[in-house]
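**Student:** Chains as they are written, first to last, in this note's numbering: chain A, 1 to 113; chain B, 114 to 230.
Keep in mind that the hints were calculated from the coordinates and are not lab data. Keep in mind that a hint or two might mislead.
[Unchecked claim] Computed beta-carbon distance windows for the label pairs:
{"#": "1", "chain 1": "B", "residue 1": "Trp-140", "chain 2": "A", "residue 2": "Pro-113", "range": "21 to 27 Å"}
{"#": "2", "chain 1": "B", "residue 1": "Ser-141", "chain 2": "A", "residue 2": "Asn-95", "range": "38 to 44 Å"}
{"#": "3", "chain 1": "B", "residue 1": "Asp-166", "chain 2": "A", "residue 2": "Thr-18", "range": "47 to 53 Å"}
{"#": "4", "chain 1": "A", "residue 1": "Leu-74", "chain 2": "B", "residue 2": "Thr-128", "range": "29 to 35 Å"}
{"#": "5", "chain 1": "A", "residue 1": "Ser-52", "chain 2": "B", "residue 2": "Ala-164", "range": "25 to 31 Å"}
[What the hints assert, rightly or not] Quick list of in silico lysine-lysine cross-link-like pairs, DSBU-like style, CA-CA up to 35 Å:
{"#": "6", "chain 1": "A", "residue 1": "Lys-42", "chain 2": "B", "residue 2": "Lys-124"}
{"#": "7", "chain 1": "B", "residue 1": "Lys-170", "chain 2": "A", "residue 2": "Lys-79"}
{"#": "8", "chain 1": "B", "residue 1": "Lys-170", "chain 2": "A", "residue 2": "Lys-42"}
[Claimed, not checked] Chain A is nowhere near these chain B residues, computed Cβ spacing over 10 Å in every case:
{"#": "9", "residue": "Gln-131"}
{"#": "10", "residue": "Thr-139"}
{"#": "11", "residue": "Arg-157"}
{"#": "12", "residue": "Leu-158"}
{"#": "13", "residue": "Arg-181"}
{"#": "14", "residue": "Arg-196"}
{"#": "15", "residue": "Thr-199"}
Here a beta-carbon is modelled for each residue, glycine too, at the ideal position from N, C-alpha and C.
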Amino acid sequence: RKEVEQDPGPFNVPEGATVAFNCTYSNSASQSFFWYRQDCRKEPKLLMSVYSSGNEDGRFTAQLNRASQYISLLIRDSKLSDSATYLCVVNIPTNTGFQKLVFGTGTRLLVSP
Amino acid sequence: DAGITQSPRYKITETGRQVTLMCHQTWSHSYMFWYRQDLGHGLRLIYYSAAADITDKGEVPDGYVVSRSKTENFPLTLESATRSQTSVYFCASSRRPLMDPRNTEAFFGQGTRLTVV
Chain A
1 RKEVEQDPGP FNVPEGATVA FNCTYSNSAS QSFFWYRQDC RKEPKLLMSV YSSGNEDGRF
61 TAQLNRASQY ISLLIRDSKL SDSATYLCVV NIPTNTGFQK LVFGTGTRLL VSP
Chain B
114 DAGITQSPRY KITETGRQVT LMCHQTWSHS YMFWYRQDLG HGLRLIYYSA AADITDKGEV
174 PDGYVVSRSK TENFPLTLES ATRSQTSVYF CASSRRPLMD PRNTEAFFGQ GTRLTVV
C-alpha cells in the first residue's frame, strides 16, 4: 500500500464550480499534512498546511480526519488560474527518529471557461 | 541570491556515466530532500537528510548516492546512469523537523531535467 494516495484525476470543471480532492495516508503516526500546487514544468509550491481543526484560506479549505486518515481540499468558485496539479503531502516519521516528506501522485485540475 | 538552487537545469548523459546533481540552499535549513518526478508516479523520495552528515534512504534509493558534509549542500550522484533514471529531479529544503505545520514549508529548487541516452 502506498504511504499517500490520491485520485489522479483529471478533474474537469467549469469556472465557478466547487471541487474537492481527497487524499489518504497509511501511517497513523503522521503529524503534519500539506497541500502543494504544481504548475506544468514547474516546482511544487506550498498551497496550505492542514491543521487538525481544519483551516481556510480564501476560496480554499483544508480538512483533516485523523480517525479515517484522510485529508481533503475544497476549492470554491474555481478560477481558470486554479488549473494545476494538487499534491497531497504527509510528514511521515521514520524508525530513525527523523521525518520524511512523502507526496501523493497528485490530482490534476482543469478549469474551463 | 538567497534561496534554493539546483544545477545544472538540464543534463544529457550517456548510459554508464557518473553524474552529480547539485543542490544549494542559503537558509541553513536542517532538512533537505531529493525527489524524482515521472509521469504516473508523482514525486518519489530518493534520499533525505536531517542535518549535516545525517542521511537516509527514501522510496527509490537504488543507483543513487548522497552526501551532506555541509548544511547548505546536498549533492545527488548517479554512480552509473541508466535510461530508467531519465527524469526530473527536485531538491527541497525545510527549516525544521516538520512536526509543527506552522512555518515548516518545504521549498523546492527549479528542478534538473536529466536525460540518459
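**Student:** I want to verify a distance hint. Is the separation of the beta carbons of A/Leu-74 and B/Thr-128 within 29 to 35 Å?
**Tutor:** violated (46 Å)
**Student:** Was B/Arg-181 rightly flagged as not at the interface, with every chain A Cβ beyond 10 Å?
**Tutor:** holds (13 Å)
**Student:** Is the Cβ of B/Gln-131 more than 10 Å away from each Cβ in chain A?
**Tutor:** holds (25 Å)
**Student:** Examine each Cβ of chain A, and state whether all of them lie more than 10 Å from the Cβ of B/Thr-199.
**Tutor:** It holds; B/Thr-199 is separated from chain A by about 15 Å at its closest Cβ, greater than 10 Å.
**Student:** Note whether the CB distance of B/Ser-141 and A/Asn-95 lies within 38 to 44 Å or breaks it.
**Tutor:** This hint is violated: roughly 27 Å between Cβ atoms.
**Student:** Using Cβ atoms and 10 Å as the threshold, tell me whether B/Leu-158 really stays out of contact range of chain A.
**Tutor:** The assertion about B/Leu-158 is violated, with a minimum of 6 Å to chain A.
**Student:** Over 10 Å to the closest beta carbon of chain A is the bar; see if B/Arg-196 clears it.
**Tutor:** holds (21 Å)
**Student:** Compare the distance between the alpha carbons of A/Lys-42 and B/Lys-124 with 35 Å, and conclude whether the hinted pair is satisfied.
**Tutor:** It holds: about 17 Å lies between the C-alpha atoms, which stays within 35 Å.
**Student:** Given the hinted pair B/Lys-170 and A/Lys-79, is their alpha-carbon gap at most 35 Å?
**Tutor:** With Cα atoms ~39 Å apart, B/Lys-170 and A/Lys-79 exceed 35 Å; violated.
**Student:** Assess, step by step, whether the Cα of B/Lys-170 is no farther than 35 Å from the Cα of A/Lys-42, and give holds or violated.
**Tutor:** Measuring from Cα to Cα gives roughly 25 Å; hence the hint holds.
**Student:** Determine whether the Cβ-Cβ distance between B/Trp-140 and A/Pro-113 falls within the hinted range of 21 to 27 Å.
**Tutor:** violated (40 Å)
**Student:** Just double-check B/Thr-139 for me: nearest Cβ-Cβ distance to chain A has to come out over 10 Å.
**Tutor:** holds (16 Å)
Comparing the model with each numbered hint stated earlier shows that hints 1, 2, 4, 7, 11 and 12 do not hold.
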